[in-house]
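Residue numbers (my numbering), protein chains in the order written: chain D, 1178 to 1300; chain W, 1178 to 1300.
Errors might be hidden in some of the hints.
Chain W residues, not near chain D, derived (Cβ > 12 Å throughout) [unchecked claim]:
id: 1; residue: T1191
id: 2; residue: S1224
id: 3; residue: P1226
id: 4; residue: A1234
id: 5; residue: V1253
id: 6; residue: L1261
id: 7; residue: Q1266
id: 8; residue: A1268
id: 9; residue: A1287
id: 10; residue: M1289
No more than 20 Å apart at the CA atoms, straight line, and that leaves these computed lysine to aspartate or glutamate pairs for EDC-like [said to hold, decoys possible]:
id: 11; chain 1: W; residue 1: K1296; chain 2: D; residue 2: D1239
id: 12; chain 1: W; residue 1: K1296; chain 2: W; residue 2: E1262
id: 13; chain 1: W; residue 1: K1179; chain 2: W; residue 2: E1219
id: 14; chain 1: W; residue 1: K1179; chain 2: W; residue 2: D1239
id: 15; chain 1: D; residue 1: K1296; chain 2: W; residue 2: E1214
id: 16; chain 1: W; residue 1: K1296; chain 2: D; residue 2: D1190
id: 17; chain 1: D; residue 1: K1179; chain 2: D; residue 2: D1202
id: 18; chain 1: W; residue 1: K1179; chain 2: D; residue 2: D1202
id: 19; chain 1: W; residue 1: K1179; chain 2: D; residue 2: D1239
id: 20; chain 1: D; residue 1: K1179; chain 2: D; residue 2: E1214
id: 21; chain 1: D; residue 1: K1179; chain 2: W; residue 2: D1291
id: 22; chain 1: D; residue 1: K1296; chain 2: W; residue 2: E1281
id: 23; chain 1: D; residue 1: K1296; chain 2: W; residue 2: D1239
id: 24; chain 1: D; residue 1: K1296; chain 2: W; residue 2: D1190
id: 25; chain 1: D; residue 1: K1296; chain 2: W; residue 2: E1263
id: 26; chain 1: W; residue 1: K1296; chain 2: D; residue 2: E1263
id: 27; chain 1: D; residue 1: K1179; chain 2: D; residue 2: D1235
id: 28; chain 1: D; residue 1: K1296; chain 2: W; residue 2: D1202
id: 29; chain 1: W; residue 1: K1179; chain 2: W; residue 2: D1256
id: 30; chain 1: D; residue 1: K1179; chain 2: D; residue 2: E1219
id: 31; chain 1: W; residue 1: K1179; chain 2: D; residue 2: E1214
id: 32; chain 1: W; residue 1: K1296; chain 2: D; residue 2: E1219
It should be emphasised that the hints constitute simulated quantities derived from the structure, not laboratory data.
Think of the CB as a built atom: it goes at the ideal place given N, C-alpha and C, for glycine as much as any other residue.
There are 2 protein chains.
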Amino acid sequence: MKALILFAHGARDTRWAAPFERLRDTIRNRQPHLRVELAFLEFMSPSLPQIAVSMAADGITDITLIPVFLGQGGHVLRDLPLLLEEIHQQAPALRIALQPAVGESESVVAAMADYCLAKTAIA
Amino acid sequence: MKALILFAHGARDTRWAAPFERLRDTIRNRQPHLRVELAFLEFMSPSLPQIAVSMAADGITDITLIPVFLGQGGHVLRDLPLLLEEIHQQAPALRIALQPAVGESESVVAAMADYCLAKTAIA
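Given only the sequences and the hints, what does the whole structure look like? Please build it.
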């Protein structure tokens, strides 16, 4: 059984999570039979190991993991492999397919460019 | 004269900036006569005050400022107003139109959802 985890940074301000919740809900609406959950690096819960191990206990065998980050810095390049190792210790049979961060998607960049130009009143 | 500043977080890892540079270059290609620059909160340069004051010195009178953040947490809600005040002290005539962060855009969220679903092999 498959599932999708959207991995985001997290913040102290609860308003911060809104776009990530909208992303999760959009995906759930489009794929009602796919389990889709958020996971956070810090400040918010669940953590990535928490949700992944809980999914494994629920019978999930394959997780697609997408970092909902624009830039791939230390959080994606350094912190994430450590979290994956932690999950592997606790749920060794679970397969996790880590995908490039959303900022690597050309169509996401194009949508951001559209937004920026729409907000810029060109003289 | 108008200009667009894309305000991003910044990171120690230089690879982090790639999606933001792609966004800037996409916008430049679409609007070759619009001055478009990146600015960073930390770790990378220029800072927002540096680029805004430099634009004012170049004759820019109106800046559209877009936070290239998915979540609006402390950086957008607390740090950014302080930077705007700092700019106002140095370039009081400069008009800056702060727009909602890119993560507030429905079409950006839709593009991220498309990307996530394309990367999720549904059984």
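For each hint, the structure was consulted:
no.: 1; hint: T1191; in the structure: 9 Å, violated
no.: 2; hint: S1224; in the structure: 17 Å, holds
no.: 3; hint: P1226; in the structure: 20 Å, holds
no.: 4; hint: A1234; in the structure: 19 Å, holds
no.: 5; hint: V1253; in the structure: 9 Å, violated
no.: 6; hint: L1261; in the structure: 16 Å, holds
no.: 7; hint: Q1266; in the structure: 25 Å, holds
no.: 8; hint: A1268; in the structure: 19 Å, holds
no.: 9; hint: A1287; in the structure: 7 Å, violated
no.: 10; hint: M1289; in the structure: 5 Å, violated
no.: 11; hint: K1296/W with D1239/D; in the structure: 13 Å, holds
no.: 12; hint: K1296/W with E1262/W; in the structure: 42 Å, violated
no.: 13; hint: K1179/W with E1219/W; in the structure: 25 Å, violated
no.: 14; hint: K1179/W with D1239/W; in the structure: 5 Å, holds
no.: 15; hint: K1296/D with E1214/W; in the structure: 15 Å, holds
no.: 16; hint: K1296/W with D1190/D; in the structure: 29 Å, violated
no.: 17; hint: K1179/D with D1202/D; in the structure: 17 Å, holds
no.: 18; hint: K1179/W with D1202/D; in the structure: 37 Å, violated
no.: 19; hint: K1179/W with D1239/D; in the structure: 49 Å, violated
no.: 20; hint: K1179/D with E1214/D; in the structure: 12 Å, holds
no.: 21; hint: K1179/D with D1291/W; in the structure: 18 Å, holds
no.: 22; hint: K1296/D with E1281/W; in the structure: 12 Å, holds
no.: 23; hint: K1296/D with D1239/W; in the structure: 13 Å, holds
no.: 24; hint: K1296/D with D1190/W; in the structure: 29 Å, violated
no.: 25; hint: K1296/D with E1263/W; in the structure: 23 Å, violated
no.: 26; hint: K1296/W with E1263/D; in the structure: 23 Å, violated
no.: 27; hint: K1179/D with D1235/D; in the structure: 11 Å, holds
no.: 28; hint: K1296/D with D1202/W; in the structure: 17 Å, holds
no.: 29; hint: K1179/W with D1256/W; in the structure: 24 Å, violated
no.: 30; hint: K1179/D with E1219/D; in the structure: 25 Å, violated
no.: 31; hint: K1179/W with E1214/D; in the structure: 41 Å, violated
no.: 32; hint: K1296/W with E1219/D; in the structure: 25 Å, violated
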